[in-house]
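Hey, can you work out the whole structure from these sequences and the hints?
2 protein chains.
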Amino acid sequence: VHPLRAAEEGRAMDTDRSLAQVGAGLGIAPEKLKKCKELCFNEEFSIPYFRFKHDVEHVEKGTVVFLGQKPEFMRGFPKIRRLMTLSAGLGRHFKDRVIAEEKMNGYNVRIAMVAGSLVAVTRGGLVCPYTTENIRHRLASNAFFPDNPGLMLCGEVVGLMNPYQTKSYPEEKEFGFFVFDIRDRLSGKPLPLADKEAMLRKYGLQGVKNLGTFPVNDSKKLLALVRRLGDDGREGVVLKDASMSQQAKYTANQSTNSDLEYAFTFFSDYGQPFFYRRLVREAFQAYEAGLNDEQLEKEAAALGRSILLPMVRTIRAIASGKEVTEDFELRVPSMDFGDAFLEHMEHLGVRVSVQKITEDADGIVLRVKRHYPSTNDKTRAYLAGEFCQE
Amino acid sequence: VHPLRAAEEGRAMDTDRSLAQVGAGLGIAPEKLKKCKELCFNEEFSIPYFRFKHDVEHVEKGTVVFLGQKPEFMRGFPKIRRLMTLSAGLGRHFKDRVIAEEKMNGYNVRIAMVAGSLVAVTRGGLVCPYTTENIRHRLASNAFFPDNPGLMLCGEVVGLMNPYQTKSYPEEKEFGFFVFDIRDRLSGKPLPLADKEAMLRKYGLQGVKNLGTFPVNDSKKLLALVRRLGDDGREGVVLKDASMSQQAKYTANQSTNSDLEYAFTFFSDYGQPFFYRRLVREAFQAYEAGLNDEQLEKEAAALGRSILLPMVRTIRAIASGKEVTEDFELRVPSMDFGDAFLEHMEHLGVRVSVQKITEDADGIVLRVKRHYPSTNDKTRAYLAGEFCQE
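Chains as they are written, first to last, in the working numbering: chain A, 64 to 453; chain B, 64 to 453.
To be clear, the hints were calculated from the coordinates, so they are not data collected in a lab.
Among the clues, some could well be false.
Note: identical chains are not told apart, hence a pair may lie in one copy or across any two.
Cross-link-like lysine-lysine pairs, in silico, DSSO-like; alpha carbons within 27 Å at most [to be verified]: (1) LYS284 to LYS441; (2) LYS283 to LYS385; (3) LYS236 to LYS441; (4) LYS158 to LYS441.
Just so we're clear, the structure is a prediction, and the values are computed from it rather than from any experiment.
This is the structure in C-alpha cells:
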C-alpha cells in the first residue's frame with residue numbers, strides 16, 4: 064500500500080464526520096457527496112480536502128472543501144463556453160455591449176486563504192504545491208486575503224516556469240499571475256466587473272487586460288482585435304457582461320495553430336478531440352473573417368504547417384535515436400520540495416525526470432523533462448515497420 | 064412492427080435449424096454463432112442470409128452464409144494492414160521481394176454464384192442489390208462462375224455511379240469492377256498471384272494493375288511509384304507476396320488529402336479517428352520521402368487546404384441558405400428497383416432523396432442527394448451563434 068493511500072484510509076474515518084457539514088454548506092445531501100468526492104492529501108499542504116471530480120447538482124467539478132476545524136470552501140471555476148461565430152453569437156448571448164478581457168494562455172488557478180495560509184488550486188480541484196509556493200512568494204503579504212476571507216482570486220498563471228503549460232508573455236516571462244475573476248468562495252458568485260477592477264486597483268493586484276467595450280451589433284471590430292492578438296502571439300478574449308451574468312470565449316486561429324503545433328509534437332499523447340475541435344474552430348473563423356482566396360490559402364498553409372511540421376520533426380528526432388520530450392524549468396525553494404513536487408506529478412500520471420539542477424540567488428532551478436511514452440513508442444514502432452494499429 | 068422485422072421473426076425459426084450446418088461448415092460451435100450473426104433479408108435477393116457482424120474465432124467479420132437448401136458460404140474479406148514506413152516495413156513483413164498491385168479507391172465487394180444467380184456482397188457482409196444488379200449485367204454470362212462454383216471474385220467497384228464512394232477513373236468513369244483476389248468461398252483462402260492472373264486472363268476478367276515486383280531492400284523505388292500514383296489522382300498500392308501469405312497496404316498523401324477534403328465537407332458526420340489517422344499517416348510519408356524544407360512547406364500547404372477549404376465551403380454554402388449534400392447518380396433497371404434500393408439505403412441509416420429521374424437507352428438514371436444532417440445542423444447552429452458543444 065502506498066503510504067499516501069494508507070494515510071487516506073486512516074483519516075477518511077475522521078473526515079466522514081465532516082460530510083454533513085460540507086453538505087449543509089453547499090446545499091447537497093451528504094449521501095450524494097459521498098459518491099462524487101475524492102479525498103486528497105498533500106504533503107506540502109497538511110489539511111486534507113475533498114475535491115469534486117464531477118458536477119454534483121449545482122456544484123461544479125473542481126470544487127474543493129478543506130476539512131480543518133470547520134470546512135472551508137472553494138467553489139469550482141465554471142466552464143466558459145466558446146462562440147464559433149461572433150456576429151450572431153454576441154447578440155444572442157449578450158445585451159447591448161460586451162466587455163472583452165484578454166484570455167491568456169496558461170493555466171487556471173483559484174487562490175484563497177485557508178487556515179491562515181494561501182493555497183492555489185488547479186482547475187480540477189487539486190492543490191498545486193508548486194503554484195502555492197510561488198503565489199505565496201508574491202501575494203502572502205497582500206492585504207486582499209485578510210480583508211476578504213470569503214473571496215477567492217481566479218486567474219491565469221502564465222510563463223515558462225511551471226509544470227503545466229509553457230508560454231512566455233513579454234510582461235511575465237517566467238511566472239506571472241493575472242486575475243480575471245474575484246468570486247465568493249462558498250457560492251462561486253463573481254463580483255461585477257467594475258467591483259472587481261476597483262478591488263484589483265485597491266490591492267495592487269495584476270488583472271488580465273480589459274480590451275474595451277464593444278457593441279453586440281459590431282462584431283467586426285472585435286474579430287479584428289482577436290486576430291491582431293493572434294498576430295502578436297496572444298490567445299484571444301473572454302467576453303463578459305458588466306454584471307458577470309454571462310461569459311463566452313473566443314480565440315485567434317494563430318493561437319489555435321500554436322496549440323496544434325505543440326500537441327502534434329506529441330501526436331499520440333493528445334486526444335483526438337483536442338485536434339478535431341481546433342480544426343473545426345479555425346474554419347469558422349476563416350469563414351467569418353471573410354478571407355479572400357489568397358488569404359485563405361495562407362490560412363490553410365499555416366494550419367497545415369502546424370500539423371505536419373511538428374510530426375515530421377518528432378519522427379526525424381526519434382529516427383535519429385533521440386527521445387522527444389517537453390522541457391521546462393521549475394524554481395523551487397529546496398531540493399526536498401522539488402523532489403516531493405515531482406513525486407506529486409508522477410502520482411498524477413505525468414512522467415517527469417530532472418535533467419539539471421542549478422542554484423542562483425533566488426533559489427534552485429530544476430530543468431525537467433516530461434516524457435511522452437505513447438508518441439515515442441508508437442513512432443519507433445512505425446519506423447521499425449510495424450503495421451499501423453487501426 | 065416493420066414488415067421486414069415480422070418476416071424475420073417468422074423465418075428465424077426455420078433458419079435456426081441451419082445453425083448446426085453452418086457451424087459445421089465453418090468449424091464453429093452453433094451456440095457461438097447464435098450471438099454474433101445477424102439475420103438479413105433482402106427483397107431483391109430472396110434467400111435469407113446470416114452475416115457476421117464481428118470476427119468469431121477464425122471467421123472474419125463480413126462473412127456471409129446464405130440459407131438455401133444447403134448453406135452457401137462467402138467468407139469475409141480479411142483486413143489488410145497498413146505500413147506507415149516502407150523502408151523498414153518491407154523487410155519486416157516480406158521475403159526478398161513484393162509484388163505491388165494498385166489499390167483502387169472505391170468499395171470492396173465479393174461476388175459469387177448463389178443458387179444460380181450472381182450476388183455482390185459489401186465488405187460488411189450485406190448483399191448490395193445495386194451492385195448485384197450492375198455486376199449481373201457485366202458478368203452474368205462469364206464462364207468463371209459455373210466453372211468455379213467454390214470460388215469468389217474479390218474486387219473494387221470504382222466510378223461515379225454507385226451509392227458508396229464516387230471517384231472516377233479514366234478507365235472506368237461510371238461503374239467498373241476490378242478483381243484483386245480470387246478466394247475460396249468456404250475457407251477464404253486466396254489463389255497465389257500467378258494462378259489468379261492466369262484465371263483472370265482465361266476468363267477475360269478485369270484485374271487491378273500489377274505495378275511490378277520490388278526487392279524488399281529497395282523501398283525508394285516503391286515510394287516514388289506510390290507518390291507518382293498520387294500525382295495521377297490514384298490511391299496507392301497493396302503489397303503482396305507471390306504466394307499470398309502476406310499483404311500490406313500503403314497509400315499516397317495526395318490521395319489521403321482527397322479523402323480529407325471530401326470528409327471535411329461533412330466534418331461533423333465523419334468520425335474523429337478518420338481524420339486523425341490520416342494526419343499521422345501523412346507525416347510518416349513526408350518524413351520517409353525525405354522532403355526538403357520547401358517541399359515540406361508544399362506538402363503542409365496541400366494538407367492545410369484539404370482541411371480548411373472544404374469546411375469553409377460548407378460553412379459558406381450553409382450561411383447562404385443551401386444544404387450541403389453529396390450528389391451521385393445511380394443507374395437502375397426500373398423505378399421499382401430504384402425505390403426499393405433507396406429504401407434499403409435508408410434502412411442502413413443513409414439519408415437519401417431522389418432529385419431527378421432521366422431515361423436513356425440503357426434504362427433509368429436517378430440523380431440522388433445524400434443528406435448529412437449532423438454537419439448541416441451543427442453548422443447552422445454555430446452560424447446562429449450557439450455555443451460550441453465541447
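Cross-check of the supplied hints:
In the homo-oligomer, the alpha carbons of LYS284 and LYS441 lie at most 27 Å apart only across protomers (25 Å), although the nearest pairing inside one protomer, at 45 Å, exceeds that limit. In the homo-oligomer, the alpha carbons of LYS283 and LYS385 lie at most 27 Å apart only across protomers (24 Å), although the nearest pairing inside one protomer, at 46 Å, exceeds that limit. Taking CA atoms no more than 27 Å apart as the test, LYS236 paired with LYS441 passes in neither setting, with 34 Å inside one copy and 39 Å between copies. Proximity of LYS158 and LYS441 under a CA criterion of 27 Å is satisfied inter-copy only: 24 Å between copies versus 50 Å inside one chain copy.
In this structure, only the earlier hint numbered 3 is contradicted, and the remaining ones agree with it.
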